[in-house]
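Model the full assembly from the supplied sequences, consistent with the hints where possible.
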Amino acid sequence: MPRTEVVLQEKIADGLYRMVIKSPVDLSQSAYMPGQFLHFRVSDSIDFMLRRPISLCLADEANNLVTVVYRAQGEGTKRLSRLAAGDTVDVIGPLGKGFPLHEESSAALVIGGGIGVPPLLELAKKLRAKGTRIVAILGFQKASQAILIEEFKALAEVFIVTDDGSMGKKGLVTDLLDASMIDGISRYYACGPTPMLRAVKQALEPSGILGYLSLEERMGCGIGLCAGCVHKIQDNDGVHYVKTCKEGPVFPAQEVVFS
Amino acid sequence: MPRTEVVLQEKIADGLYRMVIKSPVDLSQSAYMPGQFLHFRVSDSIDFMLRRPISLCLADEANNLVTVVYRAQGEGTKRLSRLAAGDTVDVIGPLGKGFPLHEESSAALVIGGGIGVPPLLELAKKLRAKGTRIVAILGFQKASQAILIEEFKALAEVFIVTDDGSMGKKGLVTDLLDASMIDGISRYYACGPTPMLRAVKQALEPSGILGYLSLEERMGCGIGLCAGCVHKIQDNDGVHYVKTCKEGPVFPAQEVVFS
Amino acid sequence: MTLHDVDLAVEFCGLQLKNPVMPASGCFSFGKEMEMFYDLNLLGAIVVKATTLEERMGNPTPRIAETPAGMLNSIGLQNPGVEKVIRDELPYLRRFSSLPVIVNVAGTMVEDYVAVVHRLNDSQDFDAIELNISCPNVKCGGIQFGTDPEMAAEMVKAIKEASNRPVMVKLSPNVTNIVEMAQACEAAGADAISLINTLIGMQIDVEKRAPLLGNGVGGLSGPAVKPVALRMVYEVASNVNVPVIGIGGIFTGKDAIEFLMAGAKAVQVGTANFTDPYAIPRIVDEIKEWCAAHGVKHIDELIGAANPMSRRRG
Amino acid sequence: MTLHDVDLAVEFCGLQLKNPVMPASGCFSFGKEMEMFYDLNLLGAIVVKATTLEERMGNPTPRIAETPAGMLNSIGLQNPGVEKVIRDELPYLRRFSSLPVIVNVAGTMVEDYVAVVHRLNDSQDFDAIELNISCPNVKCGGIQFGTDPEMAAEMVKAIKEASNRPVMVKLSPNVTNIVEMAQACEAAGADAISLINTLIGMQIDVEKRAPLLGNGVGGLSGPAVKPVALRMVYEVASNVNVPVIGIGGIFTGKDAIEFLMAGAKAVQVGTANFTDPYAIPRIVDEIKEWCAAHGVKHIDELIGAANPMSRRRG
Ligand SMILES: Cc1cc2nc3c(=O)[nH]c(=O)nc-3n(C[C@H](O)[C@H](O)[C@H](O)COP(=O)(O)OP(=O)(O)OC[C@H]3O[C@@H](n4cnc5c(N)ncnc54)[C@H](O)[C@@H]3O)c2cc1C
Ligand SMILES: Cc1cc2nc3c(=O)[nH]c(=O)nc-3n(C[C@H](O)[C@H](O)[C@H](O)COP(=O)(O)OP(=O)(O)OC[C@H]3O[C@@H](n4cnc5c(N)ncnc54)[C@H](O)[C@@H]3O)c2cc1C
Ligand SMILES: Cc1cc2nc3c(=O)[nH]c(=O)nc-3n(C[C@H](O)[C@H](O)[C@H](O)COP(=O)(O)O)c2cc1C
Ligand SMILES: Cc1cc2nc3c(=O)[nH]c(=O)nc-3n(C[C@H](O)[C@H](O)[C@H](O)COP(=O)(O)O)c2cc1C
Ligand code: FES
Ligand code: FES
Numbered sequence: 129m130p131r132t133e134v135v136l137q138e139k140i141a142d143g144l145y146r147m148v149i150k151s152p153v154d155l156s157q158s159a160y161m162p163g164q165f166l167h168f169r170v171s172d173s174i175d176f177m178l179r180r181p182i183s184l185c186l187a188d189e190a191n192n193l194v195t196v197v198y199r200a201q202g203e204g205t206k207r208l209s210r211l212a213a214g215d216t217v218d219v220i221g222p223l224g225k226g227f228p229l230h231e232e233s234s235a236a237l238v239i240g241g242g243i244g245v246p247p248l249l250e251l252a253k254k255l256r257a258k259g260t261r262i263v264a265i266l267g268f269q270k271a272s273q274a275i276l277i278e279e280f281k282a283l284a285e286v287f288i289v290t291d292d293g294s295m296g297k298k299g300l301v302t303d304l305l306d307a308s309m310i311d312g313i314s315r316y317y318a319c320g321p322t323p324m325l326r327a328v329k330q331a332l333e334p335s336g337i338l339g340y341l342s343l344e345e346r347m348g349c350g351i352g353l354c355a356g357c358v359h360k361i362q363d364n365d366g367v368h369y370v371k372t373c374k375e376g377p378v379f380p381a382q383e384v385v386f387s
Numbered sequence: 129m130p131r132t133e134v135v136l137q138e139k140i141a142d143g144l145y146r147m148v149i150k151s152p153v154d155l156s157q158s159a160y161m162p163g164q165f166l167h168f169r170v171s172d173s174i175d176f177m178l179r180r181p182i183s184l185c186l187a188d189e190a191n192n193l194v195t196v197v198y199r200a201q202g203e204g205t206k207r208l209s210r211l212a213a214g215d216t217v218d219v220i221g222p223l224g225k226g227f228p229l230h231e232e233s234s235a236a237l238v239i240g241g242g243i244g245v246p247p248l249l250e251l252a253k254k255l256r257a258k259g260t261r262i263v264a265i266l267g268f269q270k271a272s273q274a275i276l277i278e279e280f281k282a283l284a285e286v287f288i289v290t291d292d293g294s295m296g297k298k299g300l301v302t303d304l305l306d307a308s309m310i311d312g313i314s315r316y317y318a319c320g321p322t323p324m325l326r327a328v329k330q331a332l333e334p335s336g337i338l339g340y341l342s343l344e345e346r347m348g349c350g351i352g353l354c355a356g357c358v359h360k361i362q363d364n365d366g367v368h369y370v371k372t373c374k375e376g377p378v379f380p381a382q383e384v385v386f387s
Numbered sequence: 240m241t242l243h244d245v246d247l248a249v250e251f252c253g254l255q256l257k258n259p260v261m262p263a264s265g266c267f268s269f270g271k272e273m274e275m276f277y278d279l280n281l282l283g284a285i286v287v288k289a290t291t292l293e294e295r296m297g298n299p300t301p302r303i304a305e306t307p308a309g310m311l312n313s314i315g316l317q318n319p320g321v322e323k324v325i326r327d328e329l330p331y332l333r334r335f336s337s338l339p340v341i342v343n344v345a346g347t348m349v350e351d352y353v354a355v356v357h358r359l360n361d362s363q364d365f366d367a368i369e370l371n372i373s374c375p376n377v378k379c380g381g382i383q384f385g386t387d388p389e390m391a392a393e394m395v396k397a398i399k400e401a402s403n404r405p406v407m408v409k410l411s412p413n414v415t416n417i418v419e420m421a422q423a424c425e426a427a428g429a430d431a432i433s434l435i436n437t438l439i440g441m442q443i444d445v446e447k448r449a450p451l452l453g454n455g456v457g458g459l460s461g462p463a464v465k466p467v468a469l470r471m472v473y474e475v476a477s478n479v480n481v482p483v484i485g486i487g488g489i490f491t492g493k494d495a496i497e498f499l500m501a502g503a504k505a506v507q508v509g510t511a512n513f514t515d516p517y518a519i520p521r522i523v524d525e526i527k528e529w530c531a532a533h534g535v536k537h538i539d540e541l542i543g544a545a546n547p548m549s550r551r552r553g
Numbered sequence: 240m241t242l243h244d245v246d247l248a249v250e251f252c253g254l255q256l257k258n259p260v261m262p263a264s265g266c267f268s269f270g271k272e273m274e275m276f277y278d279l280n281l282l283g284a285i286v287v288k289a290t291t292l293e294e295r296m297g298n299p300t301p302r303i304a305e306t307p308a309g310m311l312n313s314i315g316l317q318n319p320g321v322e323k324v325i326r327d328e329l330p331y332l333r334r335f336s337s338l339p340v341i342v343n344v345a346g347t348m349v350e351d352y353v354a355v356v357h358r359l360n361d362s363q364d365f366d367a368i369e370l371n372i373s374c375p376n377v378k379c380g381g382i383q384f385g386t387d388p389e390m391a392a393e394m395v396k397a398i399k400e401a402s403n404r405p406v407m408v409k410l411s412p413n414v415t416n417i418v419e420m421a422q423a424c425e426a427a428g429a430d431a432i433s434l435i436n437t438l439i440g441m442q443i444d445v446e447k448r449a450p451l452l453g454n455g456v457g458g459l460s461g462p463a464v465k466p467v468a469l470r471m472v473y474e475v476a477s478n479v480n481v482p483v484i485g486i487g488g489i490f491t492g493k494d495a496i497e498f499l500m501a502g503a504k505a506v507q508v509g510t511a512n513f514t515d516p517y518a519i520p521r522i523v524d525e526i527k528e529w530c531a532a533h534g535v536k537h538i539d540e541l542i543g544a545a546n547p548m549s550r551r552r553g
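Residue numbers (this note's numbering), protein chains in the order written: chain A, 129 to 387; chain B, 129 to 387; chain C, 240 to 553; chain D, 240 to 553.
Honestly, I wouldn't trust all of these hints.
What the hints assert, rightly or not - Capping the alpha-carbon separation at 27 Å, the derived lysine-lysine pairs in DSSO-like fashion look like this: (1) A:139 <-> A:281; (2) C:323 <-> A:374; (3) C:447 <-> D:536; (4) A:253 <-> A:297; (5) C:447 <-> A:270; (6) C:323 <-> A:225; (7) C:323 <-> A:360; (8) B:374 <-> B:329; (9) D:447 <-> C:493; (10) B:150 <-> B:225; (11) C:447 <-> A:206; (12) C:536 <-> D:447; (13) C:271 <-> A:374.
To be clear, the hints were calculated from the coordinates, so they are not data collected in a lab.
Written out as structure tokens, the structure is:
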């Protein structure tokens, strides 16, 4: 397998890491999108056989670098976090379908929860480059888990909520989704835990604003071989399972079925 | 598991490594013997579950260090060879029963083949410390595989054979076992591949010299739990299997049954 | 000896394979996804995802769990149904000039299995059938046919009668006596035996205090099962005359060679494709290198090399 | 909650265990070797190596092979015979004040199994029998009793009649239907079911072009088999009323908790002792820590927590 070099690995919060690697593909020649993911092997031992999907957080075309931000929660991501600058890592991607940018958008709402926040950063960067006004609602468990705040502030009007109120407002991201917040918004983009996505979809459905949700499913292959990562989608063909690694992880909110 | 620190790792020949580690036990308080082995985990992943037995090559009581010399042949020992000074390693031992020194020995013959040479070094050191005269026959495949020659020369009269004649005499260690070589020898000690041990035993049996062979068997546990490592021994109880990890790896040559 | 002198070609069921390595069913979809990685002509053959009469949704998620040196899956035969497979999937594979195509057939009862085969008979876009009586992931996925020798024989007989192409039969390892199963299939007319499918397993999500997979149980695959697969291939190759195809935990050329030496005529690679998308061409290269280093001119020299009983047969 | 508030005590077959973790037969010899590592009173109980009527030599070497996340063994019931076990091995274990001793009994025919049990009846130095009808490593090692429910029942009945102590029955996973086996044993009087023994596997030495183990096949154990073991424990615990003891690939406290949640009353640890001599006390500590972190006061709360069917039973 082609391996790429780790350029930086740093802890940015309690159990959270930022890793910068040389891009496995030439970014300037590839049609990468925010919301796509990279698929990492975490060990060269075969006891961790499955790759770990981690979303693209930032792409640096000039230097052909990509940044990911991830939580070292299980054994696999813990191993990933032990890599240091100069080590190499086996990674493929960017894979899947990301967030569409929509030329006509005047103002976009991005909603991130926890480890769902990082993929929205490259999105915000790209939207901003097109002149779109951005409102970002970022939710975290607590202040010590808050990440990328300054990065978002440079691009968007930022609102923060935490479960325990230790930073920003106490509560859930959906608590902020009132009429004034969505005023003038033409697109929304959300990434975070499934209950959050469900609540966001429900809260914004009446508004008629088109939205995109980035879904999370356990993956066998990440490249469309196994049908392990499916999610229920309702579209013109009715309700059916689609592969989130290939057709997603980002889907139009109105098509996503939460069961 | 208690881990110990790697102090030095160096390649000493083609595929052969010398590793010095802090002793997992206090050597000055332990009754360690030359011929005992250390039992290494080669990875903290569970795809290499079994420990690798590597013989004690040198013990340094003053600094509480032990040296092992090993061939990185399979995946496990290759991983071991990737450890660097400062890393820690999970190791238990020294385990098993080693070479008895025999107070009364006047002259000892030590016979080593390939990776069977290293355990004889600590033996030679100990014998020498007791004033025993030592003759060493060391056999290797070829010159590029020859190891520890200088170390043995400092302790013993050394004869070298290689399979291809690229160093010393061309041939097998047993080619040197003529009458003049064993003249005055009261004990012999051999370690090497099984065919060599069998040939040595056969060659020296007529002489009546008491000998000791260090056997090699695949081990499950290394501490007497599994009965995986047995070898056939003939003693007062007749022919039966004994655990080489616990009752060996060193046995009196006359008791060892080669089938 | 150089790599160029090594001949890896094998033949079974009348199929000519340039090398003995093919993807295992369900681990390579219908092949299209691999375009971005390599040319499918590098494969010895291709085995596509299990195909049933009607479209199947498959099981609820999560469908995947990682286990030590292995994984569990509970996909549950999700597939678009034989009609769409013939129309949308198989024709694509014919653009690869030297790629035998094997269709894995699954179902619930003899009747719907037979119906799939009848429908397939009209297609020119495949070369053999792999009869899947071993999927552990669906209540009515045919696994009862995979655990009872008489039912297996009945099924094989019906499929052989229905099919105008060779029929391989893929066996489940979840049985007391694999030889009995293989012999029953051989007697009923199977042209080849492939094994193993997955072992039935489970993982518990201790935080949720429930089985992790949506379906409760799933099929265990990957290096963890290799010793079981090798044993079964060895036993079956010692006791049947038709070719045996070895499957289970193959990640390296050396793994593949173990199966060939146990008596397999060819091998299938499943889970390794997930860990390493380039697994199959890499395994082919590794086999070739091993042969060159060991003076093996033709792969036939290795087949059954560790299993004298298999060499006296097939 | 602190570690001190956690109660790990379990009870089965009338045995009182201070914690639910014991070594698996054949992976702890007769206990003496572990003296240098820790106090055996730390064990929940001890299960000693399989004991037969006469001394057995066991199989030729090599007897051990490493496999991905597992190992193969083909020890073949090497043991000194029941006489010497009673005289030389069991008395030593009585010096551990709170250590129930379980003797694993093996043999060839019902008669010699029964003879071992009769001989054991006179000893005061053990508390229960684990009937091993599942050793895959000897031609006449009782595995035929472990794969046929009727033969299993016949054996269990005979042993129950012969024994003056509780009888656990240890099952082989190499069967099509584990529930049928367990139910047959329960109906015949088994006081508990322990599972799994090893899966039959093989490794090929490609350089020698022959099976690596002296015996050809061996028993697969270690983390690789854990998903299969968990599935079988779950199935059996859902379908019998006697206590189930979970075995197979347990290396960590979390592994043990998976088995308890699947419905096991206690667990046995085999291969992990080889990788880490301190495995059992470590696993006990890890269970305790998990319980404390999750507010679990008594281990009973976890038993069957992921298996409602098992909770409605036993
Ligand atoms: C498209 C996509 C993008 C993601 N992007 C990010 C990101 O940018 N940052 C980040 O921190 N996390 C991200 N995740 C989640 C991340 O993949 C999991 O946290 C990670 O796989 C857990 O691995 P582990 O070894 O720590 O856990 P373990 O529990 O040891 O993993 C065991 C198995 O379960 C899978 N698994 C466990 N949790 C999850 C999960 N939440 N989602 C998917 N698979 C899981 C693992 O991949 C592995 O196969 C993303 C997931 C998906 C599907
Ligand atoms: C008592 C004793 C002392 C030893 N001392 C030394 C020494 O000082 N230096 C040295 O280089 N080697 C020594 N060996 C041999 C060494 O243990 C093996 O080379 C090593 O285990 C191979 O592991 P691997 O991962 O490289 O090979 P693999 O082939 O990947 O190992 C697979 C399994 O087979 C076992 N195995 C493979 N070859 C052997 C072998 N020759 N002996 C025992 N087990 C084997 C491994 O331990 C492992 O369990 C000794 C062996 C024994 C029994
Ligand atoms: C995700 C997944 C899906 C599978 N689907 C099928 C299938 O549709 N038909 C089939 O016969 N086998 C199926 N299998 C079994 C594989 O073909 C193969 O027999 C098994 O995985 C063992 O090989 P491996 O260890 O190389 O993966 C599937 C396996 C996996 C992992
Ligand atoms: C070396 C070895 C010897 C064994 N001997 C016996 C035995 O004598 N009797 C028995 O019932 N099981 C025996 N077993 C099986 C274990 O008790 C256990 O059921 C199996 O190894 C699965 O558990 P594990 O994965 O924790 O090792 C043996 C296993 C090993 C590895
Ligand atoms: S992860 Fe395999 S198809 Fe999506
Ligand atoms: S290696 Fe287990 S008894 Fe010797």
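Hints versus structure:
With a C-alpha separation of about 21 Å, the suggested pair residue 139 of chain A and residue 281 of chain A falls inside the 27 Å cut-off, and the hint holds. Between residue 323 of chain C and residue 374 of chain A the alpha-carbon distance is near 19 Å, which keeps this suggested pair within the 27 Å criterion. Restraint check for residue 447 of chain C and residue 536 of chain D: satisfied, since their Cα atoms lie roughly 18 Å apart, inside the 27 Å limit. A C-alpha spacing of about 25 Å is found between residue 253 of chain A and residue 297 of chain A, which places the hinted pair at or below 27 Å, so the restraint holds.
Proximity of residue 447 of chain C to residue 270 of chain A is assessed by CA-CA distance (about 23 Å); at most 27 Å being required, the pair is judged to hold. Taking the CA atoms of residue 323 of chain C and residue 225 of chain A, the gap is about 24 Å. The hint holds against a cut of 27 Å. For the given pair, residue 323 of chain C sits about 20 Å from residue 360 of chain A by alpha-carbon distance, which is consistent with the 27 Å threshold. The suggested pairing of residue 374 of chain B with residue 329 of chain B holds, with an alpha-carbon distance near 22 Å, which does not exceed 27 Å.
Straight-line distance between C-alpha atoms of residue 447 of chain D and residue 493 of chain C comes to about 13 Å, which keeps the hinted pair within the 27 Å bound. For the proposed pair residue 150 of chain B and residue 225 of chain B, the alpha carbon gap of about 21 Å is at most 27 Å, so the pair holds. Proximity of residue 447 of chain C to residue 206 of chain A is assessed by CA-CA distance (about 21 Å); at most 27 Å being required, the pair is judged to hold. For the given pair, residue 536 of chain C sits about 18 Å from residue 447 of chain D by alpha-carbon distance, which is consistent with the 27 Å threshold.
Proposed proximity of residue 271 of chain C and residue 374 of chain A is supported: the alpha carbons are some 12 Å apart, at most 27 Å.
Every hint from the earlier list agrees with this structure, and none is contradicted.
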